[in-house]
Amino acid sequence: MARFKKKNDKGTPGLNMGSMSDIIFMLLFFFMVITTMRQSSLIVKITVPQATEVQKLAKKSLVSYINVGVPLEPQKYGSEPRIQLNDMIAEVSDIAGFVETERAGHPEDERPFLSTAIKADKDVRMGTISDIKQELRKNGAFKLIYTTSRRAK
Amino acid sequence: MAKRSTPGLNTSSMADISFLLLTFFLMTSSINTDMGISRKLPPPKDENKKEEVDIHKRNIFVVKINSHDALLFDGEIGDIRDLKTRAKDFLGNPNDLENLPEKIEMDIPLLGSYRVSKGVISLQNDRGTSYDMYIQVQNELTAAVNEMRDELCRIKFGKSYNDAEKEQKEAIDKAIPVAISEAEPTKIGGNN
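Protein chains in written order, with this note's numbering: chain A, 1187 to 1339; chain B, 853 to 1044.
Just so you know, the hints here were simulated from the structure itself, not pulled from any lab data.
Note that CB positions come from ideal geometry on N, CA and C, so glycine has one too.
Hints should not be assumed to be uniformly reliable.
So these bits of chain A aren't anywhere near chain B, every CB distance computed over 10 Å [to be verified]: (1) M1203; (2) E1277; (3) R1311; (4) K1324.
Restricting the straight-line Cα-Cα distance to at most 27 Å, the calculated cross-link-like pairs of lysine-lysine (DSS-like) are [claimed, not checked]: (5) B:K909 - A:K1242; (6) B:K1008 - A:K1305; (7) B:K1018 - B:K1008; (8) A:K1246 - B:K1008.
Simulated restraints, written as ranges between beta carbons of each label pair [as the list claims (entries may be wrong)]: (9) B:H908 - A:E1259: 40 to 46 Å; (10) B:S1033 - A:Q1241: 16 to 22 Å; (11) A:M1218 - B:K1018: 38 to 44 Å; (12) A:S1227 - B:G1010: 56 to 62 Å.
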């Protein structure tokens, strides 16, 4: 009996926390690897339309975004839908330069796979979108993606 | 005195630090890759070259969207819910009807000789059409093509298109191409 008593005196042993940091580090590395930092914050309001037949965008680094929507600060940029390239409000004529910069930023063997995603608000009129598409055609950026969200069938 | 062991480093705050970093990356990361409908734009129209459009009327299915988001299929007012079926009937032409597209015999690897439809869906929209409506129409047309591909894949390879091998998918894509042509933007009725 005495033997048991001796053991009870020790109380519950503390949990070994040594491997905790390892686990957390593993998670941390996982998120570090998969993360893609937001390159630019949106200055136009965008609610993308929904669709059922969506595909995942191939490789994020190969996609450049053209955002279209009503500016968040109407007193600064007006209340009509505008085009946002990178961090700035732009005009349709700026797309040529934008495509060129995107192309220059990638090695030559990746260039044929570059695509452009149009991320437009669902209330935008097609006139703006058509202008963008014409401009992209002129500049040889033929691969196009209309960004949508997934809707249940 | 000389044999004093070094005290262990206190690593309990290590977990806290890594937790902090973890939370940071958790919040800044965006796993949800963007999704969308992909399309290929045609090369720009050559002004000097006279376009030789040799498409019979039976090979074109015209879908128009006006500025009030109303649809017109081949001259009749239509509903978006019928669009998929109409597009499938048009592209498939299962009974080889006279007024639906012709087919052309083609040799496709894995499939052998297959009669590819010459049908083209011509999508025309107004400058005043809403982007949402345009996407819905594109979505229905994509759905029609995807369903036809899936059906063919099940017949030929006994599995769904999504489960097919890369070569099989390529063969199916050749047999049923995405034949959607978008006209040069024009104003087609309705005030802008």
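Hints versus structure:
1. Not every beta carbon of chain B lies more than 10 Å from that of M1203 of chain A, the smallest distance being close to 6 Å; the non-interface claim is violated.
2. Annotated as non-interface, E1277 of chain A keeps its C-beta farther than 10 Å from every C-beta of chain B; the closest such distance is 17 Å.
3. Against chain B, the non-interface label of R1311 of chain A is violated: not every CB pair exceeds 10 Å, the least being about 6 Å.
4. For K1324 of chain A, the shortest C-beta to C-beta distance to chain B comes to about 5 Å, within the 10 Å cut-off, and the non-interface label is violated.
5. Between K909 of chain B and K1242 of chain A the alpha-carbon distance is near 35 Å, which puts this suggested pair outside the 27 Å criterion.
6. Between K1008 of chain B and K1305 of chain A the CA atoms are separated by roughly 37 Å; this puts the pair beyond 27 Å, and the hint is violated.
7. A distance of roughly 14 Å separates the Cα atoms of K1018 of chain B and K1008 of chain B; the hinted pair therefore holds under the 27 Å criterion.
8. With a CA separation close to 34 Å, the supplied pair K1246 of chain A and K1008 of chain B exceeds the 27 Å bound.
9. Checked against the hint of 40 to 46 Å, the C-beta distance between H908 of chain B and E1259 of chain A comes to roughly 53 Å, which is inconsistent with it.
10. Between S1033 of chain B and Q1241 of chain A the beta carbons are some 20 Å apart, a value that agrees with the proposed interval 16 to 22 Å.
11. Evaluation of the 38 to 44 Å hint for M1218 of chain A and K1018 of chain B yields a failure: the beta carbon distance comes to about 31 Å.
12. Checking the proposed 56 to 62 Å range against S1227 of chain A and G1010 of chain B shows it is violated: the Cβ atoms sit about 49 Å from each other.
Checked against the numbered hints given earlier, the structure breaks hints 1, 3, 4, 5, 6, 8, 9, 11, 12 and satisfies all the rest.
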